[in-house]
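Enquirer: Take a look at the letters that make up each chain.
Protein chains: 2
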Amino acid sequence: MTDSKRTILVVNDDGFEARGLEAMVSIAKNFGNVTVVVPDRTRSGMGHAITMNEPLRLTNYKNEGGIAYWRTNGTPVDCVKLGEKVLLRDKKIDLVLSGINHGSNSSVSLIYSGTMAAAIEASFSNMPAIGISVLDYSPDADFNSAVHFGKIIVEKALTNGIPTGICLNVNIPKVSLEEIKGIKVTRQCDGVWHEELEERIDAFGRKYYWLSGYLEHKEFEPDTCEWALHNKFVSVQPVQYDLTAHKYISSFKFLEL
Amino acid sequence: MTDSKRTILVVNDDGFEARGLEAMVSIAKNFGNVTVVVPDRTRSGMGHAITMNEPLRLTNYKNEGGIAYWRTNGTPVDCVKLGEKVLLRDKKIDLVLSGINHGSNSSVSLIYSGTMAAAIEASFSNMPAIGISVLDYSPDADFNSAVHFGKIIVEKALTNGIPTGICLNVNIPKVSLEEIKGIKVTRQCDGVWHEELEERIDAFGRKYYWLSGYLEHKEFEPDTCEWALHNKFVSVQPVQYDLTAHKYISSFKFLEL
Numbered sequence: 001m002t003d004s005k006r007t008i009l010v011v012n013d014d015g016f017e018a019r020g021l022e023a024m025v026s027i028a029k030n031f032g033n034v035t036v037v038v039p040d041r042t043r044s045g046m047g048h049a050i051t052m053n054e055p056l057r058l059t060n061y062k063n064e065g066g067i068a069y070w071r072t073n074g075t076p077v078d079c080v081k082l083g084e085k086v087l088l089r090d091k092k093i094d095l096v097l098s099g100i101n102h103g104s105n106s107s108v109s110l111i112y113s114g115t116m117a118a119a120i121e122a123s124f125s126n127m128p129a130i131g132i133s134v135l136d137y138s139p140d141a142d143f144n145s146a147v148h149f150g151k152i153i154v155e156k157a158l159t160n161g162i163p164t165g166i167c168l169n170v171n172i173p174k175v176s177l178e179e180i181k182g183i184k185v186t187r188q189c190d191g192v193w194h195e196e197l198e199e200r201i202d203a204f205g206r207k208y209y210w211l212s213g214y215l216e217h218k219e220f221e222p223d224t225c226e227w228a229l230h231n232k233f234v235s236v237q238p239v240q241y242d243l244t245a246h247k248y249i250s251s252f253k254f255l256e257l
Numbered sequence: 001m002t003d004s005k006r007t008i009l010v011v012n013d014d015g016f017e018a019r020g021l022e023a024m025v026s027i028a029k030n031f032g033n034v035t036v037v038v039p040d041r042t043r044s045g046m047g048h049a050i051t052m053n054e055p056l057r058l059t060n061y062k063n064e065g066g067i068a069y070w071r072t073n074g075t076p077v078d079c080v081k082l083g084e085k086v087l088l089r090d091k092k093i094d095l096v097l098s099g100i101n102h103g104s105n106s107s108v109s110l111i112y113s114g115t116m117a118a119a120i121e122a123s124f125s126n127m128p129a130i131g132i133s134v135l136d137y138s139p140d141a142d143f144n145s146a147v148h149f150g151k152i153i154v155e156k157a158l159t160n161g162i163p164t165g166i167c168l169n170v171n172i173p174k175v176s177l178e179e180i181k182g183i184k185v186t187r188q189c190d191g192v193w194h195e196e197l198e199e200r201i202d203a204f205g206r207k208y209y210w211l212s213g214y215l216e217h218k219e220f221e222p223d224t225c226e227w228a229l230h231n232k233f234v235s236v237q238p239v240q241y242d243l244t245a246h247k248y249i250s251s252f253k254f255l256e257l
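Which chain is which? The protein sequence lines are D and P, in order.
The numbers in our numbering rise by one with no breaks, and the one at position 62 of the first sequence is 62.
The numbers in our numbering rise by one with no breaks, and the one at position 169 of the second sequence is 169.
Quick caveat, the hints were computed from the structure, so don't treat them as lab data.
Only true hints are included.
Identical copies go unnamed one by one, so any copy, or any two together, can satisfy a pair.
Listed next, the in silico DSSO-like pairs over lysine-lysine satisfying Cα-Cα at most 30 Å (straight line):
1. K207 / K85
2. K247 / K218
3. K91 / K151
4. K253 / K218
5. K91 / K207
6. K181 / K218
7. K247 / K232
8. K62 / K91
9. K29 / K253
10. K218 / K92
11. K218 / K85
12. K207 / K62
13. K5 / K92
14. K247 / K151
15. K91 / K5
16. K29 / K232
17. K253 / K232
18. K174 / K253
19. K91 / K29
20. K5 / K253
21. K91 / K218
Sequences are here, hints too, so could you generate the full structure?
Expert: Below is the structure:
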C-alpha cells in the first residue's frame, strides 16, 4: 500500500493542536511521504479566505516519525499555497488531505468550511484532494470510524484517480464503526443555517453578538449527503468549483444590452 | 423608480472607508430605504468566512441622507447576517447589494471574493442579491461605468425578479462609459491564480511570505466572463451555491460499500 515516492500534503482548519490532525496523519503515512502545514490556531468557518493584507509566517514546530510539521498564521487555503509554493515547490504533490475536521461539512456547511476550501484550492492546481470530517464538534471526538473509512477511500481514490478539478468531501456519521452501514456517493443537500446573533453585554457595558445556530436541510432525498449521514452511511461527494447557475443563463438574457 | 417600501441592505468587503461603498449607496438609494453594514477594515479575499470564535461588534458610525451606516469587526458574510438577524430583523429585506468592489470577481476569483460570498449568503435566505465589482484595484477607481450599468441591472432584475437561491455577479471592465459595448450574461470562466509567495526578511531577521499573483484563464470561450470583460462588455453571471460535481457522481460509484 505504501508508496514512498508519493508526496502527500496534510492540512486542516482546526489548527496544530487538533486531535483530528493526528488522525489524518495516521491515514496519510500509509500512502507516502507526509508534510503537514496547518494553522497556528483554530480557523473553522474560514471558507475560502486567503491572507492578502499581512505577512504569512511559517514555523517548523515538530519533526516526528519522518514527518515535518509546520504551522502558520494563515488560513486553511494559505496552508495549501504554502505547501505547494514554498515547502514542496520542487516536488509534484500527489495528494492533499484536509482534516480530519471536528464537525460536519455536509449540505451548505461545505461553503463555510475551511477544511473543504483547502481541498478545493488544491483542485485548482490539479492536485488530487480529499477532505474528511466527522459529525462531532467535540475536541475529544472519536476518530476510529473516520480513520478506518478514510484509509479505504484514499486507497480506492488513488487507485482509480480523481479527475482534474474535482476533490472529494467525505463526512463520517457520529456512530461507532460497527454501526456504520457503508459508503454512499452523494450530492450536496440543499439547506440553510438558522442562525441567531445572541446579544450580550461585555464587562464594560457594551453590546456584542455571538453567532450560534443549527443547519436545516431543505430537502431529504436519498441521493443527498444529509440522507446518507442520518442513515449511518459515510457520505462521499465529488466537489467542483464552478458556481455558475447554468440553467438560469438563458432566463437572464433580458439583462443583455 | 423609487419604491420607499423596499428595504435594501448594502454590504461590502473593502470596508467602511472604500469609495466603492459611496458608489453602491448612490445606486441603492434609487430603489428603496437603505441600511449599510460593512467591515471596519478591508476584508478582501475573505471568501465565505464567518466569525465563530470571537464576539461581533456593531457600531453606528454615520447617519446621512436618511441612511444608517454600521460597521463591524466581522467578515462580509457576517455583515449580511448582522443586517438580516439584528438591524433589519423585523423587516423583509427586498434586495442585498454588495460592493462596489475594487477589483475583479470574474473567473475563479469569485471563490475567494468576500463581496460575492456576501451575495451568496443572502441567496441562502432567499434575499435577492447582486454583487458589483470593477476591474480596478485602485482606491481611486472610476465608478462611473459601474454606477451607470449597476442602476440598469438592479432595476431590470427587480422588475423581472431573481429566482430563489440565485444571486448575480456583475463585473465592469476598466474602460470609460463610452467604450463599454454592452452587457453579456456569462458563465464562470475556468481559471487559476498563478501565485508567488515571495520570501522576505523582517526587521528582526525573521522570514515571512507575501502573497502575490495573477489570474490566468484556462479557456476563453465567448460565453465566459473573461471573454466578455476583455471585449469591453459588462459581465453578469447568475450564481448558485451547489458545489456538487454532478456529472462525476456516477463515476465515483466504485467508492460505495
